[in-house]
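Chains A and B are the protein sequences, given in the same order. Throughout the first sequence, residue numbering follows the numbering used here, covering 17 to 384 in sequence. Throughout the second sequence, residue numbering follows the numbering used here, covering 94 to 483 in sequence.
These are calculated hints, taken from the structure and not from any lab test. Values in this document were obtained by computation on a predicted structure and should not be read as measured data. Here a beta-carbon is modelled for each residue, glycine too, at the ideal position from N, C-alpha and C. Any given hint might turn out to be false.
[As the list claims (entries may be wrong)] Computed from the model, here is a short list of chain B residues facing chain A with C-beta under 10 Å:
hint, residue
1, V125
2, S238
3, K241
4, A330
5, V461
Residue strings, one per chain:
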Amino acid sequence: MAAAMHTATLPFFSSSSSSSAYKTINVSGRLRLGLAPLPGSLAGRKGSIFVIRSEAGFASGSNARARSSKLITNAVATKPDASASSTGSKPGHELLLFEALREGLDEEMARDPRVCVMGEDVGHYGGSYKVTKGLATKYGDLRVLDTPIAENSFTGMGIGAAMTGLRPVIEGMNMGFLLLAFNQISNNCGMLHYTSGGQFTIPVVIRGPGGVGRQLGAEHSQRLESYFQSIPGLQMVACSTAYNAKGLMKAAIRSENPVVLFEHVLLYNLKERIPDEEYICCLEEAEMVRPGEHVTILTYSRMRYHVMQAAKTLVNKGYDPEVIDIRSLKPFDLYTIGKSIKKTHRVLIVEECMRTGWHWGQSTSSNH
Amino acid sequence: MALSRLSSATSSSSLFRPSLIAATRLFSSSDVLTVETSVPFTAHQCDPPSRTVETTPKELLGFFRDMSVMRRMEIAADSLYKSKLIRGFCHLYDGQEAVAVGMEAAITRRDAIITAYRDHCIFLARGGSLFESFAELMGRRGGCSKGKGGSMHFYKKESQFYGGHGIVGAQVPLGCGIAFGQKYSKDGSVTFSMYGDGAANQGQLFEALNIAALLDLPAILVCENNHYGMGTAEWRAAKSPAYYKRGDYVPGLKVDGMDALAVKQACKFAKEHALKNGPIILEMDTYRYHGHSMSDPGSTYRTRDEISGVRQERDPIERIRKLILSHDLATASELKDMEKEIRKEVDDAIAQAKEDPLPDPSELFNHVYVKGLGTEAFGPDRKELKAALP
Numbered sequence: 017m018a019a020a021m022h023t024a025t026l027p028f029f030s031s032s033s034s035s036s037a038y039k040t041i042n043v044s045g046r047l048r049l050g051l052a053p054l055p056g057s058l059a060g061r062k063g064s065i066f067v068i069r070s071e072a073g074f075a076s077g078s079n080a081r082a083r084s085s086k087l088i089t090n091a092v093a094t095k096p097d098a099s100a101s102s103t104g105s106k107p108g109h110e111l112l113l114f115e116a117l118r119e120g121l122d123e124e125m126a127r128d129p130r131v132c133v134m135g136e137d138v139g140h141y142g143g144s145y146k147v148t149k150g151l152a153t154k155y156g157d158l159r160v161l162d163t164p165i166a167e168n169s170f171t172g173m174g175i176g177a178a179m180t181g182l183r184p185v186i187e188g189m190n191m192g193f194l195l196l197a198f199n200q201i202s203n204n205c206g207m208l209h210y211t212s213g214g215q216f217t218i219p220v221v222i223r224g225p226g227g228v229g230r231q232l233g234a235e236h237s238q239r240l241e242s243y244f245q246s247i248p249g250l251q252m253v254a255c256s257t258a259y260n261a262k263g264l265m266k267a268a269i270r271s272e273n274p275v276v277l278f279e280h281v282l283l284y285n286l287k288e289r290i291p292d293e294e295y296i297c298c299l300e301e302a303e304m305v306r307p308g309e310h311v312t313i314l315t316y317s318r319m320r321y322h323v324m325q326a327a328k329t330l331v332n333k334g335y336d337p338e339v340i341d342i343r344s345l346k347p348f349d350l351y352t353i354g355k356s357i358k359k360t361h362r363v364l365i366v367e368e369c370m371r372t373g374w375h376w377g378q379s380t381s382s383n384h
Numbered sequence: 094m095a096l097s098r099l100s101s102a103t104s105s106s107s108l109f110r111p112s113l114i115a116a117t118r119l120f121s122s123s124d125v126l127t128v129e130t131s132v133p134f135t136a137h138q139c140d141p142p143s144r145t146v147e148t149t150p151k152e153l154l155g156f157f158r159d160m161s162v163m164r165r166m167e168i169a170a171d172s173l174y175k176s177k178l179i180r181g182f183c184h185l186y187d188g189q190e191a192v193a194v195g196m197e198a199a200i201t202r203r204d205a206i207i208t209a210y211r212d213h214c215i216f217l218a219r220g221g222s223l224f225e226s227f228a229e230l231m232g233r234r235g236g237c238s239k240g241k242g243g244s245m246h247f248y249k250k251e252s253q254f255y256g257g258h259g260i261v262g263a264q265v266p267l268g269c270g271i272a273f274g275q276k277y278s279k280d281g282s283v284t285f286s287m288y289g290d291g292a293a294n295q296g297q298l299f300e301a302l303n304i305a306a307l308l309d310l311p312a313i314l315v316c317e318n319n320h321y322g323m324g325t326a327e328w329r330a331a332k333s334p335a336y337y338k339r340g341d342y343v344p345g346l347k348v349d350g351m352d353a354l355a356v357k358q359a360c361k362f363a364k365e366h367a368l369k370n371g372p373i374i375l376e377m378d379t380y381r382y383h384g385h386s387m388s389d390p391g392s393t394y395r396t397r398d399e400i401s402g403v404r405q406e407r408d409p410i411e412r413i414r415k416l417i418l419s420h421d422l423a424t425a426s427e428l429k430d431m432e433k434e435i436r437k438e439v440d441d442a443i444a445q446a447k448e449d450p451l452p453d454p455s456e457l458f459n460h461v462y463v464k465g466l467g468t469e470a471f472g473p474d475r476k477e478l479k480a481a482l483p
């Protein structure tokens, strides 16, 4: 069973039997330690101030809890069970998020000979974000296919191959490039199962980095979730930590539905400790990052880290936010979200998107 | 009796029921006839196949029968559309039947065919039944796509018929993907990706052709050139209407698409070529008698004289009829009786399809996702959350 929360631990912290507030500090501390580019200058600086102050006092686990309880004035969060949130008996191994994606892909390709990868520069070059590095030498040029720059047709080819029974993982070098393949994704990928009366299944995974990067320019900083939201038949997930990146990648490959896996350019260098044993994350499940009582904050992908930093300020001011990383963009995990909203009756949605085309507008209206 | 046995043994599809026509001629199944195609093949970057085609009486009678069924079905669909039993789009294939039957005669059921929206007759050629076709056209649950596809979405997975696609040109990358799957699993089969002269100007076609040529995929691109992309004549849409040459580095062959034997020869040649050397383009020079679809009269952009001229000179069924009569394989009255029988068969199928009920309203949201992965939206009180993945 995959744990809903996974604790990311810094090397110098002891094992993580800790409160959720402590976890938030860990996570943002991860970002702060510079393995990933800093999110935004102001927010980063604020985050770093917090981390330094709080890190200074945390020499060991029990001290940490004492110190964190001093910071929190009115928090009434239920502390998650220590054994559930800990990394378990196995120590696990540490890696970066793109390596976690690669591990997931590698394991699935070894497990099932029908899994193949196609995309631009995924083979010999190793992937523009190194997600497929080394796979071409291991599995050959046909299974890790370097395509020409022709998104419309190679996405169509992946879908055609899926109709014959293969399980392609189609990489868009940047999610924005997949707009060129929108016809294939919408009509052939999403709708074929329906229009053929169930005869054909399209078990593709369409993945790629998207989202706002560091001065990449407007065309390379797009968020396509709201465009794909209206396509019937498509499942969409967004990964945010190395743990759920690997889990969602594996689950997406095993799924019989077409799945779009949204990664984020700025999250590829997140370091985290993940379990050694094999695991998958449920594709339709949301992750409860921080249980709380006063307000439900819904977020996904990179905004999770911003929210967790903001949560610290909220906590210091005496609020108790409940933070949910929804992970599954389509369909929604209405069970977790609904339960939370029933409890708090207040929702705050934090999303990185275009002002006029936010994903939530589509999805909230579709779920009412 | 021999005639009926021959004609019904020709195809394994459920199209045919044994006929009661008694034949006075008996043929041995090893009778081989050599026929010349109407025009020689024109080739681009390859050596054209020979003009002489070998065929058997069985095959010729089979062609006649298959094409007559297709012709009858399309005309019946025309009248069903006018009586508003079929709605939406209905793109009819009459005039182009030779392409479907010729192709089918050259390949096996393990080879894949994918086409655009003019797919009714190719579905029949691949083994679909008349009842399934009419039921799907009328949106009934007995249709091949359970009534959810309609005219443009006929599929038959068991016979490797991949549809049935509405967006012009989008099926060609899919076809190259199917060829990729065939190459990946090394099963020695090929894919015929069919498209029209209108779709021949789509960019994704050339993208897919590039990838197919790079990877030596067993993909055969078949351009059914009926000279009109809806209302636009080919000379108004394409700077170079020599579609078989448009592949540039990919070899091409121009075929008379109204001659079923020429089509058969070309497809056989193309299959051998694709398995050895990678993609090839076939241009079938053909013609459609109806308009682009049922909402198009078909006479605003071409003259009625042109249509009747082609019908008189190049009609595929008439060509096969002349061949049969000239080689004494059957008498004219026998062929007429066969046509009458086919007409009755088609009428029976329509009557049966009319009785079929519409899909249940619960089917509206079925098949959006593959069942079993819990993708219905959960309400807040639903306790069950996780799905077990294999």
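Verification of the hints:
1. V125: Cβ of V125 of chain B sits 36 Å from chain A, so the hint is violated.
2. S238: holds (4 Å)
3. K241: Since chain A brings a Cβ to about 5 Å from K241 of chain B, closer than 10 Å, the hint holds.
4. A330: Status violated, d = 20 Å.
5. V461: holds (5 Å)
Checked against the numbered hints above, the structure violates hints 1, 4; every other hint is satisfied.
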